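Join the two chains into one complex using the hints; note that each chain is given alone, in its own frame.
Those protein sequence lines, which keep their order, are chains A and B. Position 100 of the first sequence, counted from 1, bears residue number 114 in our numbering, the numbering being contiguous throughout. Position 62 of the second sequence, counted from 1, bears residue number 110 in our numbering, the numbering being contiguous throughout.
Any given hint could turn out to be false.
With a cut-off of at most 25 Å between alpha-carbon atoms, the simulated SDA-like pairs for lysine to any residue come out as follows [claimed, not checked]: (1) B:Lys240 to B:Gly220; (2) A:Lys71 to B:Ile201; (3) B:Lys240 to A:Leu45; (4) A:Lys71 to B:Ser190; (5) A:Lys64 to A:Ile92; (6) A:Lys178 to B:Leu239; (7) A:Lys71 to A:Gly118; (8) B:Lys227 to B:Gly105; (9) A:Lys178 to B:Glu247; (10) A:Lys23 to A:Leu68; (11) A:Lys23 to B:Leu236; (12) A:Lys71 to A:Ser99; (13) B:Lys240 to A:Arg37; (14) A:Lys64 to B:Ala196; (15) B:Lys240 to A:Asp134; (16) A:Lys23 to B:Pro203; (17) A:Lys178 to B:Pro202; (18) A:Lys178 to A:Gly118; (19) A:Lys71 to B:Leu236; (20) A:Lys23 to B:Ile201; (21) A:Lys71 to A:Asp134; (22) A:Lys64 to A:Glu82; (23) B:Lys240 to A:Glu53; (24) B:Lys240 to A:Arg52; (25) B:Lys240 to A:Ile39; (26) A:Lys71 to B:Pro203; (27) B:Lys240 to A:Ala33; (28) A:Lys23 to A:Arg63.
From the derived model, a few chain A residues whose C-beta atoms are all more than 10 Å from chain B [what the hints assert, rightly or not]: (29) Met69; (30) Phe104; (31) Gly106.
Each pair of labels, with its calculated beta carbon distance range [stated by the list, open to error]: (32) B:Gln149 to A:Val180: 41 to 47 Å; (33) B:Glu53 to A:Gly106: 35 to 41 Å; (34) A:Glu124 to B:Gln124: 48 to 54 Å; (35) B:Gly244 to A:Val105: 24 to 30 Å; (36) A:Ser163 to B:Thr112: 56 to 62 Å; (37) B:Thr226 to A:Asp85: 46 to 52 Å; (38) B:Glu72 to A:Ser163: 55 to 61 Å; (39) A:Ala19 to B:Pro253: 29 to 35 Å.
To be clear, the hints were calculated from the coordinates, so they are not data collected in a lab. Computed from a prediction, not measured in an experiment: that's the story for all the values here. Heads up, the beta-carbon is just placed ideally off N, CA and C, and yes, glycines get one too.
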Amino acid sequence: MQAEAPIRKPLALVICDIAGSTRLIAREGDLVATSVFREFFEYAGRLGRKHHSLMIKFMGDSFLAAFENIDDVMPFIISIERLLSQNSIFVGRLLGFYFSLHYGNVLYIETSYGSEVLGDAVNVAAYLNELKAPNEVVISRDAFERLHSDYRARAGASESRSFKGVGDVEFRRLDLLGL
Amino acid sequence: MAASEAEPMPEIATEVIVVIDLVESTLTSNLFGWYAVGRHSLRDLRSLVGEVGKSRGLRCVRSTGDGYLLTFHDPQSAEMAAIRAVEAVFDLLHRILVRNQQVSEERALNLRCAVHLGEVDVVADDREGPHISMAFRLEEISRASLPAALNPIPPEQFPLQNYVLCSEEVAGILSRRTKQWDLSSIGLLKLKGFPGWREVFRVLPEGQAAQVAMAE
Chain A
15 MQAEAPIRKP LALVICDIAG STRLIAREGD LVATSVFREF FEYAGRLGRK HHSLMIKFMG
75 DSFLAAFENI DDVMPFIISI ERLLSQNSIF VGRLLGFYFS LHYGNVLYIE TSYGSEVLGD
135 AVNVAAYLNE LKAPNEVVIS RDAFERLHSD YRARAGASES RSFKGVGDVE FRRLDLLGL
Chain B
49 MAASEAEPMP EIATEVIVVI DLVESTLTSN LFGWYAVGRH SLRDLRSLVG EVGKSRGLRC
109 VRSTGDGYLL TFHDPQSAEM AAIRAVEAVF DLLHRILVRN QQVSEERALN LRCAVHLGEV
169 DVVADDREGP HISMAFRLEE ISRASLPAAL NPIPPEQFPL QNYVLCSEEV AGILSRRTKQ
229 WDLSSIGLLK LKGFPGWREV FRVLPEGQAA QVAMAE
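Only chain B is shown next, with the shape it has when bound in the complex (with noise of 0.2 Å):
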């Protein structure tokens, strides 16, 4: 028998994944030290996930090393979970500015965010499924990828951090329901492991796509 036939198999629940990347964190604790410096980054984030997440329907938080896959989940709405979801981010993006306003520059905290929605395996204090890949490569795009995108915008138009990316699925639920963030194209991409190609947004707060445009 195999081993997986002996455990019951997981609860499938439609949830908000959220990948948080903290950029260049192996960089800071290499050159200022985990002891000193990168575990409390880590410590620090883990605290404002939990502050921003707690009463928005956060349900798994799970260390990935450089930061952390959160899901979000609303037992009466899958999509009312996104929004919370994005407003979370959002909300810890602002704390952050904060609080790197209040430490030294090395313990400043900066993030890179992937938001995705989809059905997922529950599993003790972590998720497993094809959604969770898609939120990881989500969170991947970086500058570098644009030139193997359709329709791209203009690499050094991408930020380097602080920014929420989300996949077609999240962009039509916000598009829907809120007029509380503006949707940016990034492009059509081909993410590893996927096939066809993808719409992937920026998110951005209202007003501000507007600005972006301007700018090009």
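Excised from the complex, chain A in its bound form (with noise of 0.2 Å):
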């Protein structure tokens, strides 16, 4: 079968860390926290899917994952949050999680591993999620402009930081809690 030819397109890029991975398996083994990170893949796969999303991507104890269409990012990332509460295999196991969410130009292509996203726009999404604080989303202003209204404003002030090469990104910071 023949691979699908690469497209550049601009799509929505949620990247989400776990928060407190290190300390469980410090805590509880290898083991037991393979088991709780491909539990959380599962079900953040399925949201994925419930959420339209293009791909998406598990990297360790993160993930990557494009939308083409930013209003379907929020009801994802909070249903991802949700997740933390309401299944005890997480509970008192994460700590939380870290999300960052950048708009932008990609080439979406097939790989031998699966779908993959490719551009300067991953690395700003990467970027963003090392600002980050548990229960909160980093978003830059290139997806921000693009979201509901209702979530414009919640959101924190502006803030600016330099990237190597990427330069400024303008970012806000939206609280999960309350949402």
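See below:
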């Protein structure tokens, strides 16, 4: 079967990082941690499909998900956040999730290991994730401007940070508690 | 009193850390014998490391079983130490290429090399600290690591042996201070025990990054 040709398209990119994964491995061992991550990724994959993600890629204790419609993103993030309190396997084990969201042009391709998105926009989403605090989403201006007004109204003040190879990126933080 | 309190605190130095791993050395030793092949390979490698490193600030050589942990130091300039270390690694790869053409197949040496720079604790014939761990994490990167990277190169384009990877810190120095090598990002990776995403680069002789890109 021939692989689909790469497509360049604007996508909303979400990176989610599990808070406390190192602590979990240290306290309960890698066998338990692996099964917790596996369970989390199964839930996240299911929620990704439910909220029409184009692709979701799992990486250790993180995932990258891409969406064609940015309106699908916040319901997806909120449903992931709720896993923390609704699933006994995660309660007390995972400290929270760090989310970042960016919107930009990427190359969407099929690879030997599945779907992949490539481009500077992916790096922006990754670097924003490093400004993390649990239970909040760090949202770039490009994504923020496309979000529903309900979410925009709840976001914090604009901040800016310079990233290597990317330059200045404007972003806001959105607290997930109470959503 | 804790045992460590009786010992003087080690010197702290900024050094270039190079991890060299012999590809399939255990397999080769098991197949052809440690005394017949394995020990000669490691001795040859140690000798070649000494030759390429002695005039380039090689300061520490420690066996890791399957290879060596090396550090390079320049009291005047840590950045120059990085350049000399990369020069030494490419010189080593060249000498190994020449050597491999002169020895039997089972005695051929093939290497994975990783270069990083950072502050280390200088202990006798060894080095300690998180930057040492970082260099080992870089060396452990393989094709299988790439699906878990962001913006990765296709796994099949990642070489199996005789290549040099470096950290962002070393890539920054090389791109600022020399045109001797090309740098090609292999992606952003999470390295075990280290927070955040780190861009990892392959160092190629000048002009080769363009050839790799053309082949894609």
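Given the hinted pair Lys64 of chain A and Glu82 of chain A, is their Cα-Cα distance within 25 Å? Status holds; Cα separation ~14 Å.
Could you see if the CB distance from Glu72 of chain B to Ser163 of chain A stays within 55 to 61 Å? 59 Å, holds
CA of Lys178 of chain A to CA of Leu239 of chain B, is that 25 Å or under? Roughly 19 Å between the alpha carbons, so the hint for Lys178 of chain A and Leu239 of chain B holds.
Tell me if the straight-line CA distance from Lys71 of chain A to Asp134 of chain A falls inside 25 Å. 17 Å, holds
Holds or violated: the 35 to 41 Å window for the beta-carbon distance between Glu53 of chain B and Gly106 of chain A? 37 Å, holds
Are the Cα positions of Lys71 of chain A and Leu236 of chain B separated by 25 Å at most? Satisfied, since the Cα-Cα distance of roughly 14 Å is no more than 25 Å.
Can you confirm whether the C-alpha distance between Lys240 of chain B and Arg37 of chain A stays at or below 25 Å? 13 Å, holds
Take a quick look at whether Lys240 of chain B and Ile39 of chain A sit within 25 Å of each other, Cα to Cα. 12 Å, holds
Would Phe104 of chain A pass as off the interface with chain B, using Cβ distances and a cut of 10 Å? It holds; Phe104 of chain A is separated from chain B by about 20 Å at its closest Cβ, greater than 10 Å.
With a cut-off of 25 Å on the C-alpha distance, tell me whether Lys23 of chain A and Leu236 of chain B pass. Roughly 21 Å between the alpha carbons, so the hint for Lys23 of chain A and Leu236 of chain B holds.
Is it true that the CA of Lys71 of chain A sits at most 25 Å from the CA of Ile201 of chain B? Holds, at roughly 15 Å.
25 Å limit on alpha-carbon distance, applied to hinted pair Lys240 of chain B and Leu45 of chain A: Answer holds: Lys240 of chain B to Leu45 of chain A is near 16 Å, not above 25 Å.
The structure meets every hint from the earlier list without exception.
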